[in-house]
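Take the sequences, apply the hints, and build the full model.
If you read the protein sequences in the order shown, they are chains Z and U.
Under our numbering, think of the first position of the first sequence as 618, with each following residue one higher.
Under our numbering, think of the first position of the second sequence as 487, with each following residue one higher.
Hint data in this document are derived by calculation from the structure and do not stem from the laboratory.
Among the hints, erroneous ones may be present.
Computed list of lysine to aspartate or glutamate pairs in EDC-like fashion (alpha-carbon distance at most 16 Å, straight line) [claimed, not checked]:
1. U/Lys527 <-> U/Asp582
2. Z/Lys674 <-> U/Glu577
3. Z/Lys727 <-> Z/Asp676
4. Z/Lys684 <-> Z/Asp729
5. Z/Lys680 <-> Z/Asp746
6. Z/Lys707 <-> U/Glu521
7. U/Lys527 <-> Z/Asp729
8. U/Lys552 <-> U/Glu533
9. Z/Lys707 <-> Z/Asp748
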Amino acid sequence: MKKRVFSMIAAAAMLTACALPVCAEDQTTTITATVPSSYILTIPANTTVAYHAASTKLDGTVKVTGKLAANETVTVTAAAGDLATASGDKLAYQLLKEDNSAFTADTWTKADVQANKSTDVYISIAAADWDAAVAGNYTGTITFTAEVG
Amino acid sequence: MKKSKVLPLAFAALLTTGVIFSDGLPTSAAGTALETTIPDKHTVSMEIGEHGSIMIDHQEYTGTAKIDLSRHSTVTYTIIPETGYRLSVFEYNGQDCLKDVSGQEFTTPYISDDAIFNIQFVPENSETSKQENSSSPESSVQGSDENSKVTSNQNSISEGSINGESNSGSEPPVLTGDNSSYGILLAAAISGAVIWITAKKRRKEAES
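Here it is in structure tokens:
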């Protein structure tokens, strides 16, 4: 019996607290909501380079999608790891953009993301390097890193 | 008592998740794997013209041939023209390497890719014949190349314009063209001489 009375009193107290007094004067309530930024970095798929190919386009593009704030950017950098055999023989290569300039980093702004900007990346291996390389299977990894600025 | 423990924990977890989202975006990284294979052998295709052959490692090749060579190896080609012929074309991947042939041998650079050789032979003095040809057509009959001789002789026979199905009969061949004009002149000269001699004889008889 005591519990029931206590509950009713508590409910009445809560209702009282929620009921704001209405005055004749206009009042405003500021509502704040934060939509967090999010992005997806898309990178090219694994790529096989044909023997003696001077230039090979990676299978896919580098692309940033998602929601960025107006003042935010996503910078994507690429680190070209060694293309080497299991025994350590190396084959030098470069990462290039479509205009043959070196691909080291690229930046996506909010506008770039909205415009679906994407970047093709190419592997360039000089004929002299092909000729000098010893026979074998070469593997390597290009690491793409995205950072919000 | 249990509810009072669970609720604060759930609330704390919610706050933590919210911090991750609202705090910004973590740095992320991903990799694209690359792969390539460099062969340990390369195919060398050879187009060897008639009247000669190529010897590689004691193996003789003629016509169209293909061989597999180890990467980064060098190969010495021994060029063997037939008697009366010489090497005229030696192309390596479309590039003229004739000047690089030393004696009868050519050593390739380090092989690092498939290659194509084009090797051709011509009669030894075919260039000389061409030069003589331009100055005197008759001299084309001369030369050490027997095929050229036969062809030239045949040409001279046809140029002679022997008209008739067979020359085996008793009738002399009828000459036409330039040679026939000589025959007509000869016949006219003989006729004239006969007429002149006959007329002279008659005049002597008349005088006597």
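Each hint, compared with the structure:
Of the supplied pair hints, the one linking lysine 527 of chain U and aspartate 582 of chain U is violated, its CA atoms being roughly 24 Å apart against a limit of 16 Å. Taken as a hint, the lysine 674 of chain Z and glutamate 577 of chain U pair is broken in the structure, with Cα atoms around 33 Å apart against an allowance of 16 Å. For the suggested pair lysine 727 of chain Z and aspartate 676 of chain Z, the alpha carbons sit about 25 Å apart, so the restraint of at most 16 Å is broken. The straight-line distance between the Cα atoms of lysine 684 of chain Z and aspartate 729 of chain Z is roughly 11 Å, inside the 16 Å bound, and the hint therefore holds.
Only pairs whose Cα atoms come within 16 Å are accepted, and lysine 680 of chain Z paired with aspartate 746 of chain Z is rejected, the gap being roughly 30 Å. Distance hint between lysine 707 of chain Z and glutamate 521 of chain U is fulfilled; the C-alpha atoms sit about 12 Å from each other, no more than 16 Å. Taking the CA atoms of lysine 527 of chain U and aspartate 729 of chain Z, the gap is about 48 Å. The hint is violated against a cut of 16 Å. For a cut-off of 16 Å, the pair hint linking lysine 552 of chain U to glutamate 533 of chain U stands: about 9 Å separates their Cα positions.
Between the alpha carbons of lysine 707 of chain Z and aspartate 748 of chain Z the distance comes to roughly 12 Å, so the proposed pair stays at or under 16 Å and holds.
Checked against the numbered hints given earlier, the structure breaks hints 1, 2, 3, 5 and 7 and satisfies all the rest.
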